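Novice: Using the sequences provided together with the hints, build the complete structure.
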Amino acid sequence: MCTTCGCGQGETRLDGHTMNDPHPADTRAEESHQVRYRGHAQPGSLLQSRFTPAHAHAPSLSAARMVQIEQDILGLNNVYANANRRRFAAHGILSLNLVSSPGSGKTTLLTRTIESLRDRLAVSVIEGDQQTSNDAERIRATGARAVQINTGKGCHLDAHMVAHALERLAPADGSVVMIENVGNLVCPAAFDLGEAHKVVVLSVTEGEDKPLKYPDMFHAASVMLLNKVDLLPYLQFDVARCIEYAHRVNPGIGVMQISASRGDGMEEWLAWIEDGARAARQSPGNAAEVGRRPGQLKEPPGAVPANAGTRPGRPSLDPCLRGDDS
Amino acid sequence: MHEMSLAESVLEIAEQAAREQGFRRVKAIWLEIGALSAVDPDAMRFCFSAVARNSLAEAARLEVVAVPGSAQCLECAKQVEVQTLGDLCPECGSHRLEITGGMEMRVKEMEVE
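The listed protein sequences derive, respectively, from chains A and B. All the letters of the first sequence, read from the start, carry residue numbers 6 to 331 under this note's numbering. All the letters of the second sequence, read from the start, carry residue numbers 109 to 221 under this note's numbering.
Take these hints with a grain of salt, some might be off.
[What the hints assert, rightly or not] Every beta carbon over 10 angstroms from chain A, so not counted as near; a handful from chain B, in silico: (1) Arg153; (2) Ser157; (3) Glu189; (4) Glu199; (5) Cys200; (6) Glu206.
[To be verified] The calculated lysine to any residue pairs, modelled on SDA-like cross-linking and capped at a C-alpha distance of 20 angstroms, are: (7) Lys216/B <-> Lys218/A; (8) Lys218/A <-> Ala143/B; (9) Lys218/A <-> Gly142/B; (10) Lys218/A <-> Arg246/A; (11) Lys218/A <-> Leu196/B; (12) Lys158/A <-> Phe154/B; (13) Lys216/B <-> Asp77/A; (14) Lys218/A <-> Asp195/B; (15) Lys135/B <-> Gln73/A; (16) Lys158/A <-> Val159/B; (17) Lys158/A <-> Glu16/A; (18) Lys186/B <-> Thr208/B; (19) Lys216/B <-> Leu196/B.
[What the hints assert, rightly or not] On the chain A side, residues computed to face chain B include the following (Cβ under 10 angstroms): (20) Ala175; (21) Gly179; (22) Pro193; (23) Asp221; (24) Ala225; (25) His252.
The set of hints was computed from the structure by calculation and includes no laboratory data. Values in this document were obtained by computation on a predicted structure and should not be read as measured data. Ideal Cβ positions, reconstructed from N, Cα and C, are used throughout, including at glycine.
Specialist: Have a look at this one:
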């Protein structure tokens, strides 16, 4: 349990320790923390609720009354996500949230990526797993810094866990933070961590219809990495059909075909990261440039050109993402 | 089973509102859940009944107001209704749909005393 405010995060652990201190330094995260966790609420700071007399669907004229809430269920997660996003933007950091089923090859992809970028770009990693620090140790073996979040029974990372992990990780200005989410093609889709992009990794051993079976994740992602393409000669996996399915769920999704172990396609992936890192460094503080809300059409580098020029320009809907006050 | 986290968030929202507005018990909660959101209403009810135990919302009724999925077709420019992500445009068959509604996950109101 958190010693600052008593926030309970169940069985969540950071590098084996409870998630107690330090707290996110961002002042707004601090405010949101006070809002979120019982005991030091600030009335009116986040909830815009007001009460009205019981109306049509109130069953009787007892003491019961209706209270209007009108609040996103994920509103508190999103306050944290926006604080994380501002923090990344203020420090010119590119952050990527890697999501996939277990066993798609995310950790191998990460170690290869870190090794390949070693002389050009600093990469640090937040690892999410239910149990063990095996993945963080694999990352540290490359020389990169890593913080392991163990979610216990939890099936996804949330923005509050990442805020704590960032305090511990203290990533360098102008660097890249990779967040390896819990292996799960369902739950992490709903949780914005403040990342610039979700990157979904799908390995060709999993079946080409995954984008249709698990559309939430492919809809939320900016990029699909089709991994383990070196195994294609041994499998019946229709690459074109898989990409078509991904575009059906998300017309703006960028696709790269890679083999993290053999090296196919890695140049394109590394170039995309370097482009993103350069953009993040060049516009520090401009969170709207670096991050986008899930659910919008996105055109990251590598997106299908079929979409170019026809997408209606839509600014970010969230005022927090437009702020220049980081 | 991320509905468990979502159910906990709903309970936190109810507790915060109770502190601000001085009510002691929540009898019913109306949620607005989009057809394209990542929420299964039955799983949500199940999880909420678990997390609400021994709270101010114990035995509260969870009413789910379904919001249909809608999209703008980038091919034929029509506003159309969609059932799931990945549907094709019912007007022209294109897959190039920009979702405009149905992603909602909101607490709308509560009956309290």
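Novice: For a C-alpha distance cap of 20 angstroms, please report whether Lys216/B and Leu196/B respect it.
Specialist: Since the Cα atoms of Lys216/B and Leu196/B sit roughly 31 angstroms apart, the hinted pair is violated (cutoff 20 angstroms).
Novice: Next pair to validate is Lys158/A with Glu16/A; report whether the Cα-Cα distance is within 20 angstroms.
Specialist: Holds, because 7 angstroms separates the two Cα atoms, which is no more than 20 angstroms.
Novice: May I ask you to test the interface hint for His252/A with respect to chain B, counting a Cβ-Cβ separation under 10 angstroms as satisfied?
Specialist: Holds, because the Cβ-Cβ distance from His252/A to chain B comes to roughly 6 angstroms (cut-off 10 angstroms).
Novice: For the hint on Ala225/A, just tell me whether its beta-carbon gets within less than 10 angstroms of chain B.
Specialist: Ala225/A check passes; min Cβ-Cβ to chain B is 9 angstroms, inside 10 angstroms.
Novice: Take a quick look at whether Lys218/A and Ala143/B sit within 20 angstroms of each other, Cα to Cα.
Specialist: Answer holds: Lys218/A to Ala143/B is near 16 angstroms, not above 20 angstroms.
Novice: Quick one, are Lys218/A and Leu196/B close enough, alpha carbons at most 20 angstroms?
Specialist: With Cα atoms ~15 angstroms apart, Lys218/A and Leu196/B stay inside 20 angstroms; holds.
Novice: Beyond 10 angstroms from every chain A Cβ: check whether that's true for Glu206/B.
Specialist: 6 angstroms, violated
Novice: Go through the hint on Ala175/A and say holds or violated, using the shortest Cβ distance to chain B against 10 angstroms.
Specialist: Given a least distance of 27 angstroms, the restraint on Ala175/A is violated.
Novice: Just checking, Arg153/B versus chain A, shortest CB gap more than 10 angstroms?
Specialist: Fine: 14 angstroms to the nearest Cβ keeps Arg153/B off the interface.
Novice: Take a quick look at Glu199/B and tell me if its Cβ sits farther than 10 angstroms from every Cβ on chain A, holds or violated.
Specialist: It holds; Glu199/B is separated from chain A by about 16 angstroms at its closest Cβ, greater than 10 angstroms.
Novice: Would the pair Lys218/A and Gly142/B pass a check requiring their Cα atoms to be no farther apart than 20 angstroms?
Specialist: Judged against 20 angstroms, a Cα distance of about 18 angstroms means the pair holds.
Novice: Quick check on Pro193/A please, does its C-beta sit within 10 angstroms of some C-beta on chain B?
Specialist: 8 angstroms, holds
Of the hints listed earlier, those the structure fails to meet are numbers 6, 7, 19, 20, 21, in rising order.
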